[in-house]
Amino acid sequence: MFGSTGFGGSSFMGSNVVTAPTNHNPMKDFEVVSPPDESISCLEFSPASIPQNFLIAGSWDNHVRCWEIDQTGKSIPKSQETMQGPVLDVAWSDDGSKVFMAGCDKMAKCWDLNSNQSIQVAAHDAPIKTCHWIKSHNYSCLMTGSWDKTLKFWDLRQQSPILTINLPERCYCADVEYPVAVVSTASRHLIVYQLENTPSEAKRIESPLKYQHRCVSIFKDKKGMPTGFALGSIEGRVAIQYITPSNPKDNFTFKCHRSNGTNQQYQDIYAVNDIKFHPVHGTLATAGSDGRFSFWDKDSRTKLKTSEQMEQSITACCFNRDGQIFAYAVSYDWSKGHEFNNPQKKNYIFLHSCYEEMKPRQKS
Amino acid sequence: MVVCKFFLEGRCRFGVNCKNEHTQSRIGNTYQQQSFNQPVRQQYFPQQQKLRESQQQETNLESLLYVVKDDATNSMQGGQWLFSCYAPLLRKFSKISYNKNEENLPNLIDYSPEELKWEAMQSSMNGKFHDYTDKLQKLSQNYQTIQRALQNLDQATSNYIVRYERGETVSPAGTSLGNIASCFPAANTTSNSLSQFSFTLPHTQNPIQALNQQQQAAVAPFKFQLPSQQSAGASFSFHLPSQQTAAASFSFKLSPQQPQSLINTAVTNEPNATTRQIPVSAVPHITENISHHQLSQIDLEQFKADKFSFGKIPRVPPPIELR
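Same order as they appear, the protein sequences are chains G and E. The first sequence begins at 1 in the working numbering and counts up by one. The second sequence begins at 365 in the working numbering and counts up by one.
Honestly, the hints are just simulated from the structure, not real lab data. Treat the hints with care, since some could be wrong.
[Stated by the list, open to error] From the derived model, a few chain G residues whose C-beta atoms are all more than 12 Å from chain E: (1) LYS28; (2) HIS132; (3) SER140; (4) ILE165; (5) HIS189; (6) ARG214; (7) LYS222; (8) ILE243; (9) ALA271.
[What the hints assert, rightly or not] In silico SDA-like links for lysine to any residue, alpha-carbon gap of 20 Å or less: (10) E:LYS456 with G:GLN265; (11) G:LYS255 with E:SER461; (12) E:LYS456 with G:THR244; (13) G:LYS255 with G:ASP299; (14) E:LYS464 with G:ILE205; (15) E:LYS502 with G:GLU339; (16) E:LYS433 with G:PRO245; (17) G:LYS203 with E:SER461; (18) G:LYS249 with E:LEU372; (19) G:LYS249 with E:CYS376; (20) G:LYS149 with E:LYS459; (21) E:LYS464 with G:GLU206; (22) G:LYS298 with E:ARG377; (23) G:LYS298 with G:GLU177; (24) G:LYS149 with E:GLU466; (25) E:LYS459 with G:PRO248; (26) E:LYS464 with G:ARG204; (27) G:LYS203 with E:GLU467; (28) G:LYS249 with E:ARG377; (29) E:LYS464 with G:ILE191; (30) G:LYS249 with E:LYS456; (31) E:LYS433 with G:GLN265; (32) E:LYS459 with E:ARG375; (33) E:LYS456 with G:ASN247; (34) E:LYS433 with G:GLN264; (35) G:LYS255 with E:ARG375; (36) E:LYS456 with G:PRO245; (37) G:LYS222 with G:GLU169; (38) E:LYS464 with G:THR244; (39) E:LYS456 with G:ASN251; (40) G:LYS303 with E:ARG377.
Idealized CB from N, CA, C, for every residue including glycine.
Looking at chain G on its own, in the form it has when it is part of the complex:
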């Protein structure tokens, strides 16, 4: 007998009993073959610089897997790379030739897909939570954020970081859209960096959210310049924040991934595990601990769609380069502790055709 998977019984989180759906693919999406056995921590599609769609997934089983996704939605396993600890984040180089991976082994590695060789390119004193590739006109580097409270920038040819920035707390999430980087740490710190010439702190922003930050994603304005970010917390809430708002009213928050519990008076509150913006429409997707994903239009402030409920939480999501495919990973996010960890439960990665659904609503 295994620990409760959520059927009946109360958890330390409260008495929200969720009747698990019996269908493992309620959205009837394309299922990626050979998914990882352990939780999936990160998903990234290949950049626009290569014509094909490659999907990379990092997992708590120490592996980074690569599939090719063809036009029909079929997934073909291509290759796999191994770290010495659970993988927490992956990133692509701008030319699509290399994949970076970082995780609990306190290292980041660069995996050259053509030669299938990998080398270590970064090191921290604690697990690395985020890694992002920065491509500037006069430099390129890998930015790693770690629980050791530092942000480091690595030129792949050098052993030591070209820059180390101290963070006020452990790095929890980050995003890069040149020339802006946003980093959020434990204790609700929010820091914006500008990346031109050399990365430097641009601004500290007071968090509009009251609880632990979990994910962040930068959005761009009509001209393609990064102008703000979406921030998700463990409290089922997302904040849309402009870096320099023309009007304070532009910033707002909204609740999401809440459900009516058995106790009607109080909603069940689930964490927002991931946020990603559609590369073409500029609308956003949120992935929740409740096992649902939702699409939103931040400009007209409307919800576009909410999915059916998956068998487990959605731990990661991403869009492919042209915004046709929305990939999301269904696996346990540890939101209810070790008691609800059921290794026998299968993890999934689904591919959802999203281009039409994510079109923005006309502002009324």
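Assemble the complex: chain G is given as a structure, and chain E must be docked to it using the hints.
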């Protein structure tokens, strides 16, 4: 002309065609926190009326304390992730421009699910999963005590929060927020004093000594099911990809096990992935109460002891008297 009250609330559907006047109020339209097509009552911040009042006159932060109460109640009832910091943000309605106190209340430190999962895995690899569950249980008791204090908001706690949000130098000691804090220095995000996990500063090794042992009736009891006897042949194992039965199996060329390292850091060799296991509790959660008499002698001794002995962990929950 009559000022349009819906416009002031940010929800007039006539827009420019409205026959009432759309002027900003003296303070400006403070309805910043619009929800996505949700009724007004689900605003994040206090209602418009209270908002305008509090900004027009000297702020009465006491009247906003209900926000703290609601936050704590909603989070406990809603099954929210427990190990999170909390910022009441009442100060945003105060006229005080600089507040030297951190926004986050002291003694509530962030732990992300990933950190706890990693801690669990490491403990399991070192054969010390018990330690992990013990520490976690103590930690969760602390957080729950604080959340309950925020829900109940007795006089001392209320006074503390109001003064804290005003920027005064106050200590939580003596309030129900402070019983746990009393053995630790005041909130300092770099000290991580509440944490007992290995990933924090080395000096925080001692478990909390002066824990308030009174188990108040918890709204959401944190029931730990200790790992079962079968942890040796654990049901939790990491499968190798080759065990997949999927038709399209991975045709991967394995990269060399020891990647060339450019960097001379001491990388600890983690055990092979296949041997890493986290014990999964086999005893499902049981809510019925079992009286004294139904327990075996060994079980009774175990419940009465301070710690469970390995190999004698009872399979049934303790009776009410021993909880």
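Tested hints:
1. LYS28: Nearest chain E Cβ is 19 Å from LYS28 of chain G, so the label holds.
2. HIS132: 17 Å, holds
3. SER140: With a cut-off of 12 Å, SER140 of chain G remains clear of chain E, as the shortest Cβ separation is near 16 Å.
4. ILE165: 16 Å, holds
5. HIS189: Check fails; 9 Å does not lie beyond 12 Å.
6. ARG214: 7 Å, violated
7. LYS222: 21 Å, holds
8. ILE243: 17 Å, holds
9. ALA271: The assertion about ALA271 of chain G is violated, with a minimum of 6 Å to chain E.
10. E:LYS456 with G:GLN265: This hinted pair is violated, its Cα atoms lying about 28 Å apart.
11. G:LYS255 with E:SER461: 28 Å, violated
12. E:LYS456 with G:THR244: 19 Å, holds
13. G:LYS255 with G:ASP299: 16 Å, holds
14. E:LYS464 with G:ILE205: 16 Å, holds
15. E:LYS502 with G:GLU339: 16 Å, holds
16. E:LYS433 with G:PRO245: 31 Å, violated
17. G:LYS203 with E:SER461: Holds: LYS203 of chain G and SER461 of chain E sit about 18 Å apart, inside 20 Å.
18. G:LYS249 with E:LEU372: Judged against 20 Å, a Cα distance of about 13 Å means the pair holds.
19. G:LYS249 with E:CYS376: 16 Å, holds
20. G:LYS149 with E:LYS459: 33 Å, violated
21. E:LYS464 with G:GLU206: 14 Å, holds
22. G:LYS298 with E:ARG377: Given pair LYS298 of chain G, ARG377 of chain E holds - Cα atoms ~19 Å apart, limit 20 Å.
23. G:LYS298 with G:GLU177: Within the cut-off at roughly 18 Å; holds.
24. G:LYS149 with E:GLU466: 18 Å, holds
25. E:LYS459 with G:PRO248: 17 Å, holds
26. E:LYS464 with G:ARG204: 16 Å, holds
27. G:LYS203 with E:GLU467: 17 Å, holds
28. G:LYS249 with E:ARG377: With a Cα-Cα distance of about 18 Å, the restraint between LYS249 of chain G and ARG377 of chain E holds, given a limit of 20 Å.
29. E:LYS464 with G:ILE191: Since the Cα atoms of LYS464 of chain E and ILE191 of chain G sit roughly 19 Å apart, the hinted pair holds (cutoff 20 Å).
30. G:LYS249 with E:LYS456: 15 Å, holds
31. E:LYS433 with G:GLN265: Between LYS433 of chain E and GLN265 of chain G the Cα gap is close to 15 Å, so the pair holds against 20 Å.
32. E:LYS459 with E:ARG375: 27 Å, violated
33. E:LYS456 with G:ASN247: Holds: LYS456 of chain E and ASN247 of chain G sit about 17 Å apart, inside 20 Å.
34. E:LYS433 with G:GLN264: 18 Å, holds
35. G:LYS255 with E:ARG375: Roughly 18 Å between the alpha carbons, so the hint for LYS255 of chain G and ARG375 of chain E holds.
36. E:LYS456 with G:PRO245: Within the cut-off at roughly 18 Å; holds.
37. G:LYS222 with G:GLU169: Not OK: LYS222 of chain G and GLU169 of chain G at ~33 Å, beyond 20 Å, violated.
38. E:LYS464 with G:THR244: 24 Å, violated
39. E:LYS456 with G:ASN251: Cα-Cα ~15 Å, so holds.
40. G:LYS303 with E:ARG377: Answer holds: LYS303 of chain G to ARG377 of chain E is near 18 Å, not above 20 Å.
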